[in-house]
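Undergrad: One-letter residues, chain by chain:
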Amino acid sequence: MSGGVVRILVFSSLRELIGEAALSVPVSEAPTAGAALEWVAHRHPGVADYLPFVRTAVNRRYAARDTELSGGDEVALITPVSGG
Amino acid sequence: MTPVEQRTGRCWIRLQREPLQPAEVIAFVVDEAAGAVASFIGTTRRWTGGRETVTLSYEAYDEMAVAEMVRLAEEALRQEGVGRVAIHHRTGDVGVGEASVTIAVSGGHRGEAFLACRELIDRLKQEVPIWKREIYADGTREWVRSSE
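Residue numbers (this note's numbering), protein chains in the order written: chain Z, 8 to 91; chain F, 4 to 151.
Just so you know, these hints were derived from the structure itself, not from any lab. Hints are not guaranteed to be accurate.
To be verified - Far from chain Z by the CB rule (all over 12 Å, computed), these chain F residues:
hint, residue
1, R10
2, R20
3, E21
4, E35
5, G38
6, T58
7, G98
8, L118
9, G142
To be verified - Distance windows between CB atoms, simulated:
hint, chain 1, residue 1, chain 2, residue 2, range
10, Z, S35, F, Q82, 43 to 53 Å
11, Z, L58, F, E21, 29 to 39 Å
12, Z, A71, F, R113, 32 to 42 Å
13, Z, G78, F, G53, 44 to 54 Å
14, F, E55, Z, D56, 24 to 34 Å
15, Z, F60, F, G53, 24 to 34 Å
All C-beta atoms, glycine included, are put in the ideal place defined by N, C-alpha and C.
Take the sequences, apply the hints, and build the full model.
TA: Rendered as structure tokens:
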């Protein structure tokens with residue numbers, strides 16, 4: 008497991024719930040995209056309700072929750088989108 | 004925010020806070036090889052189920068939204084007969100009657116142009132990381148939970 012920090016980005020309703028747009032987490036505590044999502048859910052009550060609906064992205068591409076993370080990676084927690 | 008965009012010979016994707024100019028996407032796709040240009044403009048609707056909207060407020064994961072729109076455009080461009088694609092999307096507040104998204108596609112014939120344009124807006128609504136919030140006339144505001 009590599010060292011370093013991953014940056015977690017949240018948007019829209021999730022951003023408002025958490026009160027911040029970005030969080031930094033050691034890779035050791037968020038070794039996969041799914042673990043990053045759970046890390047956030049563990050610390051912010053209410054996020055758990057979103058878990059079934061959130062898609063994860065790593066470095067600006069949709070990525071499965073078991074995608075492994077490295078220091079410097081950017082993970083985004085993407086609630087159902089509503090553009091257009 | 005300065006506009007975030009990617010432009011190549013056959014594809015122009017742009018995310019911007021300023022009002023959209025539909026003529027820009029159409030002018031980009033016009034091409035001597037094309038027999039048809041299909042376009043779509045999404046606008047802010049005042050009434051939804053008896054509730055009055057005054058503004059839609061859009062938020063985007065800017066860099067990924069552009070990357071995803073490029074990916075969708077490139078898939079459209081791989082289809083037989085599709086010539087050029089342009090997609091512009093707005094962020095921030097979009098008032099009633101104003102455009103939030105403009106799409107234009109040129110093709111050899113109308114069939115492929117219409118089809119690609121329809122697929123682009125449908126997939127944009129499912130896949131591109133952009134979110135909108137309804138600002139209602141009664142002062143309430145709600146994130147739109149799912150795309151149509």
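Undergrad: Which earlier hints can't be squared with this structure?
TA: none
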